[in-house]
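K.L.:
One letter stands for each residue in the lines below.
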Amino acid sequence: MAGSAPLIRLQGIAKRFQTGDTTITALDGVTLDIAPGEVVALLGPSGSGKTTLLNIIGCILEPTAGRMQIDDETIYDGRWLRKDLRRLRLDKVGFVFQFHNLLPFLNATDNVALVLHLAGVAPAEAHRRALELLDYLEVGHRREAFPAQLSGGEGQRVAIARALANRPRIILADEPTAALDSRRAGIVMDLLRKIAADQQAAIITVTHDEKIFDRFDRIFQLRDGKLDTKEQTP
Amino acid sequence: MNLAYRDVRHNLGRFLLTCVGLGLLLGVVMAMIGIYRGLVVDALTIVRSPAVDLWVVEAGSRGPFAESSRIPGNTRDAVARMAGVAEAGGLTYQTVEADHRDIKLRLYVIGYQAARPGGPPSIAAGRAIARGRYEIVADRTTGLQLDEIVRLGRTSFRVVGLTEQQVNSGGDPAVYMLLADAQKLQFELDPAATRLQSARGAAGGSSDFVNAVVARLHPGAGIEQVAAQIRRWKHLAAITQGEQEVILSASVVDKARRQIGMFTSLLMTVSTVIIALIIYMMTMEKRKAIATLKLIGAPDSKIVGMIVQQSLALGQIGFALGVAAIVNIKDAFPRRVILEADNVLMLGGVVMLVCLLASGFGVRAALRIDPATALAG
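Protein chains in written order, with the numbering used here: chain A, 1 to 234; chain B, 235 to 611.
Quick caveat, the hints were computed from the structure, so don't treat them as lab data. Just so you know, these numbers come straight off a predicted model, no measurement behind them. It is possible that part of the hints are untrue.
Here are the simulated lysine-lysine pairs, BS3-like style, with alpha carbons at most 30 Å apart [what the hints assert, rightly or not]: (1) B:522 with B:536; (2) A:83 with B:522; (3) B:489 with B:418; (4) B:536 with A:83; (5) A:211 with A:83; (6) A:211 with A:226.
Please model the complete structure; the sequences and the hints are all you need to start from.
P.N.:
Below, the structure written as structure tokens:
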């Protein structure tokens, strides 16, 4: 993977928040390349800037400075260069959360099909592909269940199916295994690795879960907004 | 995929309960509008029932409804002889209370002359009063039945006919009787008082008075000209039918009408605030879902559509339930509640407009939700 062109390229990304007279530096010149098919972890104590970095890569939060490229397209260079960031997220980014964040009023199938529907896929095709994904993630038998009726593991797999629905190039996962036991956490990470390999997607995971460290290609440590250059390769 | 529909279907019970609450509130608004309309219509019922062109009353008064009026009974003959007058009739109006079947009946007694203007406009049951004395035609809301005997003053009357919706501006049901009976009831003193008046040398006066004389004109006869002729008699005043209606609606029931109008406006304002609050709360409850929708790339139009559609559905269902409720219970009100189609449609339009405006608060809140909220625990 080291030889392939990076899918995500961050150069000197900084983020500062102003609170009254105080300026808080959440990220300070983060430079990072992530290749297609790579699964990386972001570690760091609370307040170190992990979620801020994830939000910037997901185009939810605007950096203060730096340059960001996704899939060979420069998205940010001192300012957003794309106006339709929501469309960019829809097409290229999938999110997996600590708590699955499925829409409570849609059943498992519709939660997955919604993303396809938003992308303009015809309803019947969206439904078929959603079922396919649920089967792939071994929750097809729970297709009619609403989020409240799903177990933690089932909910997380449906959320992964939703994140994968548009075949995104990037999957951002914020503590995806925090609510799961170690066996299910391992299953979820193996699944993400498989997806990364199958779809040549980059997966960036914020985690504290030491049990799954062996599932990452690279592990980055964030401390006081700075990315530790000591990359750990398991 | 209609998110508004899916959300409502998922929380159907709660949504319907909210609709019922809103429906009851709108039902109260509609009831107030109905009471308002009923008050106006009731006020005009008695003045319209003779279907006449002119009211001749005591000079200097705006009687017989807004002020008291008493004119000689033979005024009718003088009016009837005037050029342009087709027919005329003398009328008395008085409110009496009678104990009947252990309840107190409050009645608005109208005395009229047989075969002359001013009698009951239509008979719903039984028959009209013939020339026989001591008969009455009563409104159904009195609770009196046909052939029932009721004692008014010192005389017993038999109910021979029933009318519908004949009430005065105070809501008291009308009872029609012949003028002679009404004059006896109104002007005849009880024996003790008569003896006292005799002792004072004041007895023996005529009781042939009426409160008003009503006149129908020939087609083509000028109402103003006839009224002007009558006004030349210094002891009489002439009021056209239009003026009489204005006196009733703008004077007699004006305060009650304005009171209800003010209360209805207040209720509508409260309803608007409540609708806005419900929609805002419904949106805030979906804060996380909206943040997730934004995060996964849903356009604002999808989110706005969900809020506006739910808001309009809430208004429509609530309004329909309100209409259904008030239509079913309106007859249980002691006074008339009149729901006119144009009033109901106008309220429906206002409710939809309020829902649309109120959804603006929800939309504004939704658009300000940060998609990063979805990432928070």
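K.L.:
Could you run down the list of hints and mark each one as holding or not?
P.N.:
Against the structure, the hints:
In summary, the hint linking residue 522 (chain B) to residue 536 (chain B) is supported, as the alpha carbons are separated by about 15 Å, within the 30 Å threshold. Proximity of residue 83 (chain A) to residue 522 (chain B) is assessed by CA-CA distance (about 24 Å); at most 30 Å being required, the pair is judged to hold. Under the criterion of a C-alpha separation no larger than 30 Å, the hint pairing residue 489 (chain B) with residue 418 (chain B) is inconsistent with the structure, at around 34 Å. Of the supplied pair hints, the one linking residue 536 (chain B) and residue 83 (chain A) holds, its CA atoms being roughly 18 Å apart against a limit of 30 Å.
Pair hint residue 211 (chain A) plus residue 83 (chain A) does not hold up; C-alpha atoms about 40 Å apart against a cutoff of 30 Å. For a cut-off of 30 Å, the pair hint linking residue 211 (chain A) to residue 226 (chain A) stands: about 24 Å separates their Cα positions.
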